[in-house]
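There are 2 protein chains.
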Amino acid sequence: MEIKEYLSDKKRLVEDKLDSLMLAAEGPFSGHIEAMRYSLFAGGKRVRPILCLASAEAVTNDPALRDEALIIGCALECIHTYSLIHDDLPAMDDDQLRRGKPTNHMLHGEAGAILAGDGLLTFAFELLARPATAISTTTQVKIIRLVAEAAGPLGMVGGQALDIAGENSSYPFEHLQTIHRSKTGALIRCAVQTGALAGGANSEQMQQLTSYGEAIGLAFQIVDDLLDATSTTEVLGKSAGSDQIRGKATYPAFFGIEKTRNLARNAVEQATQALAGFDAPAAPLVQLAEYIYARTY
Amino acid sequence: MEIKEYLSDKKRLVEDKLDSLMLAAEGPFSGHIEAMRYSLFAGGKRVRPILCLASAEAVTNDPALRDEALIIGCALECIHTYSLIHDDLPAMDDDQLRRGKPTNHMLHGEAGAILAGDGLLTFAFELLARPATAISTTTQVKIIRLVAEAAGPLGMVGGQALDIAGENSSYPFEHLQTIHRSKTGALIRCAVQTGALAGGANSEQMQQLTSYGEAIGLAFQIVDDLLDATSTTEVLGKSAGSDQIRGKATYPAFFGIEKTRNLARNAVEQATQALAGFDAPAAPLVQLAEYIYARTY
Chain W
1 MEIKEYLSDK
11 KRLVEDKLDS
21 LMLAAEGPFS
31 GHIEAMRYSL
41 FAGGKRVRPI
51 LCLASAEAVT
61 NDPALRDEAL
71 IIGCALECIH
81 TYSLIHDDLP
91 AMDDDQLRRG
101 KPTNHMLHGE
111 AGAILAGDGL
121 LTFAFELLAR
131 PATAISTTTQ
141 VKIIRLVAEA
151 AGPLGMVGGQ
161 ALDIAGENSS
171 YPFEHLQTIH
181 RSKTGALIRC
191 AVQTGALAGG
201 ANSEQMQQLT
211 SYGEAIGLAF
221 QIVDDLLDAT
231 STTEVLGKSA
241 GSDQIRGKAT
251 YPAFFGIEKT
261 RNLARNAVEQ
271 ATQALAGFDA
281 PAAPLVQLAE
291 YIYARTY
Chain H
298 MEIKEYLSDK
308 KRLVEDKLDS
318 LMLAAEGPFS
328 GHIEAMRYSL
338 FAGGKRVRPI
348 LCLASAEAVT
358 NDPALRDEAL
368 IIGCALECIH
378 TYSLIHDDLP
388 AMDDDQLRRG
398 KPTNHMLHGE
408 AGAILAGDGL
418 LTFAFELLAR
428 PATAISTTTQ
438 VKIIRLVAEA
448 AGPLGMVGGQ
458 ALDIAGENSS
468 YPFEHLQTIH
478 RSKTGALIRC
488 AVQTGALAGG
498 ANSEQMQQLT
508 SYGEAIGLAF
518 QIVDDLLDAT
528 STTEVLGKSA
538 GSDQIRGKAT
548 YPAFFGIEKT
558 RNLARNAVEQ
568 ATQALAGFDA
578 PAAPLVQLAE
588 YIYARTY
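These protein sequences, in sequence, are chains W and H.
Residue numbers for the first sequence follow this note's numbering, so the first one is 1 and each next one is one higher.
Residue numbers for the second sequence follow this note's numbering, so the first one is 298 and each next one is one higher.
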């Protein structure tokens with residue numbers, strides 16, 4: 001199957017599942033739920049849930065286990081969405097546009113947007129701790145721990161705090177790596193790891209998929225830096241060139257466009273190599289890595 | 298033991314445990330961790346962790362199980378603290394003072410405070426999903442689910458959204474009850490329930506403690522409304538009279554001071570009655586209910 005077809009199929013699957021899992025905007029809390037749903041269904045490539053599902057598919061054919069991975073992926077999408085809502089706030093990046101639509105606080109006010117983010121983050125753990133039948137509670141707890149660590153103070157939130165604190169200041173490349181690894185890399189790696197866990201990966205598969213997850217997380221962030229520097233607001237659906245305006249250190253700022261593109265290529269190759277021996281079931285993971293790189297052209 | 302002595306003993310226990318569980322403010326993320334620690338250790342009565350522990354103590358003598366309840370209580374305190382940090386933000390209640398000290402955003406900036414709250418919420422789930430030996434993973438998942446529901450869109454966050462949306466508007470008493478039950482009641486009830494679960498409560502005990510938790514959650518909120526209307530900023534350590542200034546519906550606004558005091562008394566008696574048959578091990582829970590009422594004089 002072509003990767004684009006694969007992605008659009010899975011995207012639909014993710015969005016249908018998200019819709020069925022997410023609370024309906026009715027009853028006394030409907031305003032709050034509406035604010036959460038707004039950002040959750042405002043588009044997005046659904047990279048994390050698709051990675052989670054593809055990772056499970058690489059290790060199991062069991063539809064029940066793949067469905068568990070899909071639910072975990074939806075929880076990760078809730079977390080990713082909350083992070084975007086909070087990143088866009090006036091006190092943070094102060095963005096008015098996200099995926100070509102008004103950001104959450106533009107429609108629901110600052111308080112509403114802060115709470116919508118809080119609600120999505122908390123709801124993600126509600127999903128992860130749902131009564132599950134196909135996976136053991138031991139696996140569930142392990143997955144919850146991985147997600148909390150990836151999204152927490154030494155992961156995504158911590159990375160965002162570092163990113164904000166580092167605006168308009170210069171720091172060594174190692175520090176940029178720490179920011180990338182925590183802010184973006186951790187949750188992407190976690191998507192691959194938790195999908196593998198849900199699918200019942202053995203320890204060797206787990207190790208390989210973790211390496212894949214790390215490499216693809218890095219590739220993703222390098223490409224993101226690259227696109228911010230080279231693309232347009234129209235194409236991105238968010239403000240292009242904003243890194244430079246905010247004085248943010250990025251891969252292109254350190255290495256220039258060409259070298260950065262090579263580094264992205266290297267990361268994608270590392271990701272692909274980590275999957276040696278998986279063969280056909282991991283084909284979508286390989287194509288996903290290539291797809292991320294293809295965005296740079 | 299006198300309740301005041303019990304409370305100060307347990308408070309120390311909670312704070313020592315919190316300190317040992319919480320990340321140290323070192324390494325690249327130290328600024329972010331420092332912001333979390335600031336509010337976590339800025340005082341507070343530690344009502345939720347103490348209730349969680351006292352609830353476990355009502356059903357078990359096992360120190361290992363009581364320790365699990367203490368850790369869960371610490372996770373709940375992280376969640377409670379995050380909610381205060383976000384509530385105090387300029388976009389929400391815009392408070393400069395909390396427990397007699399500058400609020401988080403006054404010291405760490407708005408972005409820093411939003412992220413500190415996000416970090417504490419996420420870290421709470423890291424604590425709840427830690428490798429535990431004394432309780433089963435099945436119990437752990439059940440506890441995580443209860444906490445996520447209590448703190449989530451139909452619980453605490455949803456209640457805060459309702460509260461903010463309802464400022465300066467009039468609504469029926471039933472709506473005030475919904476706000477109270479979700480914004481404050483849910484997490485307090487959850488503290489009692491999760492402590493009971495960690496302690497290995499049987500289903501009858503669980504039912505009784507749930508009733509206790511609901512009643513004490515209600516008592517707590519009624520008393521909070523009462524204190525805001527009758528106390529001083531100096532005594533409260535936060536702005537007194539702020540409910541009236543913000544045009545918030547409260548128990549005193551609906552019923553006047555005396556009737557409100559009676560309603561608090563009723564709730565405390567309901568809480569106490571729910572514990573019939575527990576005898577001595579539940580004595581601290583009874584005294585805690587009385588203590589909450591005693592704050593109204």
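Just so you know, the hints here were simulated from the structure itself, not pulled from any lab data.
Careful: at least some of the hints might be erroneous.
27 Å max Cα-Cα, derived DSS-like pairs, lysine-lysine [as the list claims (entries may be wrong)]:
| # | chain 1 | residue 1 | chain 2 | residue 2 |
| --- | --- | --- | --- | --- |
| 1 | H | Lys439 | W | Lys142 |
| 2 | H | Lys398 | H | Lys314 |
| 3 | H | Lys314 | H | Lys301 |
| 4 | H | Lys439 | W | Lys17 |
| 5 | H | Lys398 | H | Lys556 |
| 6 | W | Lys142 | H | Lys314 |
| 7 | H | Lys439 | H | Lys301 |
Here is how each hint holds up against the structure:
no.: 1; hint: H:Lys439 <-> W:Lys142; result: holds (14 Å)
no.: 2; hint: H:Lys398 <-> H:Lys314; result: holds (23 Å)
no.: 3; hint: H:Lys314 <-> H:Lys301; result: holds (20 Å)
no.: 4; hint: H:Lys439 <-> W:Lys17; result: holds (23 Å)
no.: 5; hint: H:Lys398 <-> H:Lys556; result: violated (33 Å)
no.: 6; hint: W:Lys142 <-> H:Lys314; result: holds (23 Å)
no.: 7; hint: H:Lys439 <-> H:Lys301; result: violated (32 Å)
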